[in-house]
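There are 2 protein chains.
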Amino acid sequence: MTASAAALDTIRSEVDRSLKEFVDRQRPLVSAPELAPLISAAEEFLSGGKRLRPAFCYWGWHGAGGGDDPALFTAAASLELLQASALVHDDVMDASDLRRGMPSAHRRFQALHEKEGWRGSAEQFGEGAAILLGNLLLIWSGEMWRGSGLPQASLAAAQEVHDHMRTELMCGQYLDLLEQAHADNTFDSALRVALFKSGKYSVEQPLRLGLVLAARGREPWIDRLCEAYGRCVGIAFQLRDDILGVFGDPAETGKPAGDDLREGKRTMLIARTLAAASPAQVKVVDGMLGDPGLDAAGVGRLRGIIEETGALAACEDMIKSYLDDALNSLDDAPITGEARTALADLAVAATSRRT
Amino acid sequence: MTASAAALDTIRSEVDRSLKEFVDRQRPLVSAPELAPLISAAEEFLSGGKRLRPAFCYWGWHGAGGGDDPALFTAAASLELLQASALVHDDVMDASDLRRGMPSAHRRFQALHEKEGWRGSAEQFGEGAAILLGNLLLIWSGEMWRGSGLPQASLAAAQEVHDHMRTELMCGQYLDLLEQAHADNTFDSALRVALFKSGKYSVEQPLRLGLVLAARGREPWIDRLCEAYGRCVGIAFQLRDDILGVFGDPAETGKPAGDDLREGKRTMLIARTLAAASPAQVKVVDGMLGDPGLDAAGVGRLRGIIEETGALAACEDMIKSYLDDALNSLDDAPITGEARTALADLAVAATSRRT
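These protein sequence lines are chains A and B, in that order.
Note that my numbering gives residue 180 to position 180 of the first sequence, counting from 1, and the numbers run on in steps of one.
Note that my numbering gives residue 209 to position 209 of the second sequence, counting from 1, and the numbers run on in steps of one.
The following block holds chain A by itself, in its conformation from the complex (with noise of 0.2 Å):
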């Protein structure tokens, strides 16, 4: 195990440990019975995940000269909350019955409201249910952020990119949601959608936030270096995710094989096919994507389309020259040799992750 992979497992565990605690300080507020449920899910939505935002915040904080400090653990963790908020809304917004293998939120609630044989639509109060569970661990990634212990100095320099992070998010993912309603699908748009909706908040950010809370301030050097290394691993991130929302085993990701195609998702893969399709090619294509009736023939003949068109090949070509730029960011950024070991093991392990 490199030291980098150990110190991956390290900051795994203090996160999870983390986040148990911030929980366990919310419950007094939650402790009503009825409660219950609200509280497991968000556990259940908060375990697992491969840690890599905190990671990368983590790997900033110590790049930046940040000494050893637990607080740091749990202002990393806090990203986690964002996300998991993130998924649970999306998972609303794209009516996904399944995250990673298990039912997602709003599915799991309307499943209660079937069991206990409640009143009026089980489908409503599952999703209602679930855009408030979002919105409690919104909150909750807010609160662990600012109460995690770091001195006010750094948590004061950082605030902007926090508060800047989380808008950012909410319009990368409008962005998104306008994307798959456009027709148009070009490679800038995909790109762009790539960056903003998934890139920024799950790498860019996460280091920066890290960076400028160690060095209480935003030095250049730190925007240039989230700017290059940031937006490559983020593309590459978000690329790797859409070849896996087609291409990915279920038994690794926890969704149904071409879930993606299945809901449409217009992705670079999906616009480069496209471009490179046969009129005939286009013609299913279009006929389709996004029905959400496509049996395994049909993601079997859709994949097939992908790779015939070289579409699968581009977009991993695209990752692994993101990605070459990426470590070459590293090489004159001044930070520690070990942080710019670790950032490159972790732009490695972003870009070619199964799950």
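Hints were generated in silico from the structure; no laboratory data involved.
Idealized CB from N, CA, C, for every residue including glycine.
One or more hints might be untrue.
What the hints assert, rightly or not - If you want a taste of the chain B side facing chain A, the calculated C-beta under 8 Å gives, among others: (1) Val-30; (2) Leu-35; (3) Leu-136; (4) Gly-142; (5) Met-170; (6) Leu-175; (7) Gln-180; (8) Ala-181; (9) His-182.
For chain A, the structure is supplied; the task is to place chain B on it using the hints.
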């Protein structure tokens, strides 16, 4: 015009100004032309409103000796962002078409999708965009609060109340969903929902925030006052809301006549109706309440039963009695005379409003 009515006018215009300034400061972050509908929807849902929550906060601050400070208006105005977020999400959860006589946020985005002839489900787009808009408003409420410019010592003292209020709001709304889903609808459960879903964050917590900000600590008399006055006015506020949802004038409420009947809201008004109704009346209520297609005749019939059973009069009596208790609770509170008068006037305004 009384002194406190004049003060309310000042509060309203200062809150409007603060909100406008805050949204203007966000504009550079959300400057992409495609994001314009998100911003204009935010602005629309922030305009108007009675600004009661900021007024409770303002009079808490002044009551506990807070001086004139424009930053207080900014902190108080942030409560309107929280409220706007709750309304936008509420309308999604209730599938409401109208808000203050205009299309609700999700219907607005749905109409944009339809007008532009975009791909996919206009309804799903509308809901997704409204969830994101509500999130943006929720994030901004915290940001505006923290960035108000009030002294750090004040903000630090009030932070726990602020955090608590937000968690409590989400839990209260979840309890409301449960109340609608459960069949019991007892007086106790209706009262609890009225308090937690609306009363606490509308009255008790805004007042507590103002008091704690000024006193820079949560002194025992503050909690005593907030629990007595806040609880009474908060519950009476929601009881008035329940009555307006059934008997309100659409020209004033901006909601269709009897909308709560169509949505099947289980409120104190309904609990009291069912408790006093004859078996024949219960049958009518059970058959008609929650019917989305309920017409004017049906609304009239249900209104008749609510009046005949004495439920309407009983709820009006409850409001009067809570109001009396609230006014009494002000007597020995160690607050300024001006604040005492203003809080008495506000209690009347909040419980006798027609919109």
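For this session: Check each numbered hint from earlier against the structure, then list the numbers of those it violates in ascending order.
Result: none
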